[in-house]
Structure formats: structure tokens, C-alpha cells
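There are 2 protein chains.
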Amino acid sequence: MTEPVRRRGRPPRARQDAGPGMRERILDAAREDFAERGYDKASVRGIAKAAGVDSALVHHYFGTKEQVFAAAIEVALAPALKAPDALEDGPLEGVGERMTRFFFGVWEAPATRAPLLAIVRSALNNEVAAGVFRKLVATQLLARIAQRLDLPEGEAELRASLAAAQLVGTAMIRYVVRAEPLASADLEWIIGRLAPVVQGHLTGP
Amino acid sequence: MTEPVRRRGRPPRARQDAGPGMRERILDAAREDFAERGYDKASVRGIAKAAGVDSALVHHYFGTKEQVFAAAIEVALAPALKAPDALEDGPLEGVGERMTRFFFGVWEAPATRAPLLAIVRSALNNEVAAGVFRKLVATQLLARIAQRLDLPEGEAELRASLAAAQLVGTAMIRYVVRAEPLASADLEWIIGRLAPVVQGHLTGP
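For the record, the sequence lines run as chains C and B. Heads up, the first sequence is in the UniProt record's numbering, so the first residue is 1 and it goes up one at a time. Heads up, the second sequence is in the UniProt record's numbering, so the first residue is 1 and it goes up one at a time.
None of these hints come from the bench; they were simulated from the model. Each residue gets a CB set at the ideal place from its N, CA and C atoms; glycine is no exception. Be careful, since some hints might not be right.
Stated by the list, open to error - Computed footprint of chain C on chain B; a stretch qualifies when at least three of its residues, placed anywhere within it, have a C-beta under 8 Å from a C-beta of chain C:
| no. | segment |
| --- | --- |
| 1 | 120 to 126 |
| 2 | 171 to 179 |
Claimed, not checked - Each computed SDA-like pair below joins lysine to any residue, with the alpha-carbon atoms no more than 25 Å apart:
| no. | chain 1 | residue 1 | chain 2 | residue 2 |
| --- | --- | --- | --- | --- |
| 3 | B | K82 | C | R178 |
| 4 | C | K82 | B | G94 |
| 5 | C | K135 | B | A130 |
| 6 | B | K41 | C | K82 |
| 7 | C | K135 | B | A183 |
| 8 | B | K65 | C | R121 |
| 9 | C | K135 | B | L187 |
| 10 | C | K41 | B | R45 |
| 11 | C | K82 | B | R178 |
| 12 | C | K41 | B | G204 |
| 13 | B | K135 | C | D186 |
| 14 | B | K41 | C | L117 |
| 15 | C | K41 | B | E32 |
| 16 | C | K41 | B | L117 |
| 17 | C | K65 | B | E36 |
| 18 | B | K135 | C | N125 |
| 19 | B | K135 | C | A183 |
| 20 | C | K41 | B | A130 |
| 21 | C | K135 | B | H59 |
Model the full assembly from the supplied sequences, consistent with the hints where possible.
So, in C-alpha cells, the structure goes:
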């Protein structure tokens with residue numbers, strides 16, 4: 001009730017010492033700044049301002065702009081990074097459908113779609129952002145899926161990448177470019193068509 | 001030999017009356033400007049300057065910035081828009097491989113990859129650019145592929161879109177984000193894995 005309207009300029013000292021929750025507040029501000037302005041134009045100063053703290057505090061918690069970005073996209077990607085769990089939630093022959101359903105569940109939810117869009121756009125537009133994205137996807141997603149597949153290591157990651165390509169390409173067309181007829185196609189129809197493709201990539205001959 | 005070094009500022013009158021080839025010169029400049037600066041920052045003035053002509057001449061040939069962009073991406077997409085021909089170059093059961101091969105041929109050639117990258121980036125970042133891209137892909141690509149498939153009209157375009165999603169997603173990962181292991185995977189291996197997937201989308205049950 002007595003929370004003051006957010007003002008421009010240096011925030012009152014008290015807010016800087018908020019302690020717990022501070023990290024999350026900076027990450028929220030970072031995600032918004034990267035989403036709205038893109039990686040190139042986003043700045044530690046702008047993020048600090050939006051979070052109502054000193055730039056020094058942002059540097060203290062995270063380091064450089066690249067490190068703030070890495071932390072922000074790790075949080076934003078967190079729901080998507082749970083995808084490998086779909087491999088363990090049931091028999092291997094149902095993994096195509098479970099993973100496809102999981103993937104679109106993340107994209108269809110407004111709360112997770114916006115941060116994902118921001119990350120994808122950044123990764124497509126900036127080399128540093130692309131590097132952070134690549135590393136996270138390789139270590140947290142592909143490697144974890146690959147090690148659960150009964151395939152030679154090199155082939156498992158390649159196959160997981162092609163499955164990801166089918167899903168990511170569909171998401172680009174449906175949610176980012178919003179091209180018809182995919183943009184308003186029935187989700188269950190899409191899942192029905194893609195589940196066997198993902199299954200084939202992961203476990204087919 | 002006597003061609004003067006290109007200078008900043010208004011070009012000599014003679015170059016403005018070059019006549020034939022002028023349209024192409026403006027389109028080249030436009031493609032470069034959109035590629036380097038993105039749709040938002042590109043301007044008719046900058047394009048005119050790079051082409052060595054008056055802004056009025058750019059407006060005369062093409063109209064608004066949006067219309068210059070539409071013309072430039074139509075030229076840049078021209079190689080990709082020949083994809084529907086792959087449907088007629090042989091029997092329907094080989095279309096998956098022909099289309100996959102054609103698609104990667106366009107992306108692997110440096111001369112066609114750079115303009116494609118520029119368009120894709122613009123379409124992912126700007127709503128006007130996305131609209132131009134959507135319209136071109138819908139009318140020049142999906143509709144033309146769909147009408148050659150032996151499927152109900154609505155389903156044909158949806159299926160063509162899912163085939164496109166598999167190919168476009170792979171291109172995003174391999175050429176735009178350049179994530180391993182797809183970025184340096186053997187092209188023939190990729191084509192061998194994707195051809196049946198594209199075939200299945202276009203002609204499968």
C-alpha cells in the first residue's frame with residue numbers, strides 16, 4: 001500500500017539492501033531489457049536502473065553483461081531444459097509424443113513463451129548471445145538427451161539435433177513469424193503429425 | 001580504369017541517369033543495407049546513398065521502404081522460391097530427397113546464403129518484414145507446393161509447412177546459430193536423414 005511509484009534516477013538506499021529476492025529482481029529486469037532492446041542495446045546500467053539498484057550490485061552478483069545474459073537465459077530456458085525428463089517419464093516408444101507435447105506446452109504458455117522468444121531473437125542476432133545459447137543447449141539439453149538414447153554417442157546428439165530442428169522450426173513458423181496455416185493450426189493435429197517424426201529421429205533405424 | 005573511387009555525398013548527375021541496371025543497383029544496395037543494419041535501421045536515404053542515387057529515384061522505382069524491402073527479399077529469395085520445381089522434376093516418391101537436396105544447395109552456396117540469412121533475421125525481428133516474408137512464402141512457396149500434392153487443399157499446405165519447418169529448423173541450427181554437432185555434420189548424412197522425413201510430410205499417410 002505504501003510502496004512508492006517507481007521513479008527514474010537513483011533508488012532509495014533501502015531497496016538496494018533488500019537481500020533475498022534481489023538476484024531474482026535483477027534477473028527479471030535483465031530478461032525484460034534483453035527482450036525489449038535486444039542483446040546489443042541492453043546494458044548493465046539499464047538493467048540496474050530497471051531493478052532499482054546500482055550497476056555495481058549487478059556486477060557484484062553476475063559479472064559482465066555477457067554473464068548477466070547467460071544467467072537470464074538459463075532462468076528463461078529452465079522450463080525448456082526439463083525436456084530430457086520426458087525421456088524417463090515412460091517407455092522409449094512413447095518419447096516422441098511426450099517430448100513433442102512437452103515442447104509445445106512450454107511455447108503455448110504465455111508465461112514461458114515471451115522469455116523464450118526473447119532468447120531466440122537474441123541468439124539469432126548477436127554472436128555473443130548465440131554462443132551462450134549454444135553452450136547451454138549443448139550441455140543442458142542435447143548431451144542429456146543423447147546419453148539416454150541407445151545409440152553411438154556422436155549419432156545420438158546428431159539425431160537429437162534433428163528432432164530439435166523439427167520442433168524449433170515449427171515453433172519459429174507458428175510463434176515467431178506467425179505464418180499461416182501453421183500459426184492457427186490445431187495443436188493436437190500438429191502434435192499428432194510431429195510425434196512420430198521426433199520418435200523416428202530419436203529411436204528409428 | 002577511370003572509374004572514380006566511390007565518395008560520400010551526392011553522386012555526379014551522370015550516374016543517376018544510368019538507366020538499365022539502375023533497378024538492380026538499388027536492389028543490391030537495399031539488400032546490403034537491410035542485411036547490415038536490419039529492417040528497423042535501414043533507410044531509403046541510406047540505400048540511395050549506397051547506390052549513388054537520389055532518394056527520390058528509389059521512391060520512384062519502388063515506393064516506400066516496405067516496398068523496397070519486399071522487392072529486395074523477392075530477389076534474395078528467388079533461388080529458394082524455385083523449390084516447388086523439385087516436385088515436377090521426377091516421380092512423387094523422390095520428392096523428399098529432391099527438395100531436401102535443393103534446400104541445402106541454396107544454403108550451402110555462399111552467394112545465396114548471405115541474402116537468405118539477412119531476410120530470415122529481418123523477418124524474425126520486425127513485424128513489417130515478417131509480414132512481407134509471410135506473404136511471399138505463402139503465395140510463392142506453400143501454395144505452389146500444395147497444389148501439386150494429391151491432398152485436400154487445407155491439409156496440403158499444413159503438411160508442406162511441417163516439411164518446411166524441419167528444413168528451416170535445421171538451417172537455423174546449422175547456419176544461423178551454428179550449434180554443434182549439426183554445424184559441422186556431414187551434409188550427405190543430414191540429407192539422408194531428412195529426405196524421408198520431408199517425403200513423409202508431403203506424401204505419407
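To see whether the hints hold, each was checked on the structure:
1. 120 to 126: holds (count 5)
2. 171 to 179: holds (count 6)
3. K82(B) with R178(C): 23 Å, holds
4. K82(C) with G94(B): 38 Å, violated
5. K135(C) with A130(B): Not OK: K135(C) and A130(B) at ~28 Å, beyond 25 Å, violated.
6. K41(B) with K82(C): The given pair, whose Cα atoms are some 37 Å apart, is violated under the 25 Å limit.
7. K135(C) with A183(B): Roughly 13 Å separates the two Cα atoms, so the pair holds.
8. K65(B) with R121(C): 23 Å, holds
9. K135(C) with L187(B): Holds. K135(C) to L187(B) sits at ~22 Å (cutoff 25 Å).
10. K41(C) with R45(B): 23 Å, holds
11. K82(C) with R178(B): Distance ~23 Å between K82(C) and R178(B) Cα, so the pair holds.
12. K41(C) with G204(B): 46 Å, violated
13. K135(B) with D186(C): 21 Å, holds
14. K41(B) with L117(C): 21 Å, holds
15. K41(C) with E32(B): Answer holds: K41(C) to E32(B) is near 22 Å, not above 25 Å.
16. K41(C) with L117(B): At roughly 21 Å apart (the allowed maximum being 25 Å), L117(B) and K41(C) satisfy the hint.
17. K65(C) with E36(B): At roughly 23 Å apart (the allowed maximum being 25 Å), E36(B) and K65(C) satisfy the hint.
18. K135(B) with N125(C): 23 Å, holds
19. K135(B) with A183(C): 13 Å, holds
20. K41(C) with A130(B): Between K41(C) and A130(B) the Cα gap is close to 21 Å, so the pair holds against 25 Å.
21. K135(C) with H59(B): 45 Å, violated
Hint compliance for this structure: hints 4, 5, 6, 12, 21 are not met, and every other hint is.
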